[in-house]
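Undergrad: Using the sequences and the hints, build the whole thing.
Top line first, the protein sequences correspond to chains A and B.
Position one of the first sequence corresponds to residue 1 (this note's numbering), numbered consecutively onward.
Position one of the second sequence corresponds to residue 1 (this note's numbering), numbered consecutively onward.
No lab work stands behind these hints, which were simulated from the structure alone.
Any given hint could be a false lead.
[Claimed, not checked] Chain B side only, calculated, beta carbon under 8 angstroms to chain A, not exhaustive:
1. 29
2. 32
3. 37
4. 38
[What the hints assert, rightly or not] Some chain A residues near chain B, calculated using beta-carbon distances under 7 angstroms:
5. 35
6. 40
7. 43
8. 45
9. 85
10. 100
11. 101
12. 131
13. 132
Glycine included, each C-beta is placed from N, C-alpha and C at the ideal position.
Chain by chain, the residues run as shown.
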Amino acid sequence: MQKRVSVYRKEHFNAAHRLNNPQWSKEKNKEVFGPCNHDNFHGHNYELIVKVTGEIDADTGYVIDLKKLSDLVKELIIDRFDHKNLNLDTQEFKHLNPSAENIAVVIYELLKPSLGDTYDLQIRLYETERNFVEYPVL
Amino acid sequence: MVYLTRQEHFNAAHKLFNPAWTKEENEAVFGVCANENWHGHNYNLFVTVKGLPHPDTGFVYDVKKLSVLMKEHVIDYLDHRNLNLDVPFLTGTMCSTENLAIAIWNQLLPHIPENVQLHCVKLYETPRIYVEYFGKQE
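TA: Below is the structure:
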């Protein structure tokens, strides 16, 4: 049995968003989300770390070709979210609050089908240098 | 001469869009940065003052006071805001990082005490892109 190793690929996207629950009053949204609820949006440089775990292929020495992983992340995630307004420009967040947590789950669900069951996948998403989330919890 | 720098940060939405041009002209010049629904960044701001350490305190300037100045006159206006829509001192200005650095300098200058000089505003739009403004050169 080949050794299992985790490989990581880092990408980034710059996006606008706001946190808002349309079922709540303006006051409640302001109270819960604070400045993240401002009407005209704000933004972040999101840093995305994609962790893929699997066995080392005996022929290549790779768990996964990181160039191919990078291309996949660019095609499925970066092209979708980079320089976009997550609330207004994306289908995924049309009815879903674009918190870092929800964005991480969406990214996982967009990538997982292409990776199948051969690999374990984990997403780490930095909304700022100080705040980041991980999904799933392994 | 000793140079003292304080770092602060703000998260904001913006777009690069010249209202005198067509949508096509804007996209040709600004590319994805012209997205009409904005995108965003975690901006990192470094403000440098210069002077000589005071014999009583050893300070060029009390860096806590510099932090308060930056928060009151810059961060409170910009953080979690839309730079194109929400900021009085950016009205009518293209929201490039260059213009933002100049505007930040102009916000701070009147409040810098006489015994120090404002030396540099350095503003990172992303970890890979930053501008520096050293004030009007005579």
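Undergrad: Next, verify each hint and record whether it holds.
TA: Verification of the supplied hints:
| no. | hint | verdict |
| --- | --- | --- |
| 1 | 29 | violated (14 angstroms) |
| 2 | 32 | holds (4 angstroms) |
| 3 | 37 | holds (4 angstroms) |
| 4 | 38 | holds (4 angstroms) |
| 5 | 35 | holds (4 angstroms) |
| 6 | 40 | holds (4 angstroms) |
| 7 | 43 | holds (1 angstroms) |
| 8 | 45 | holds (5 angstroms) |
| 9 | 85 | holds (4 angstroms) |
| 10 | 100 | violated (12 angstroms) |
| 11 | 101 | violated (17 angstroms) |
| 12 | 131 | violated (10 angstroms) |
| 13 | 132 | violated (12 angstroms) |
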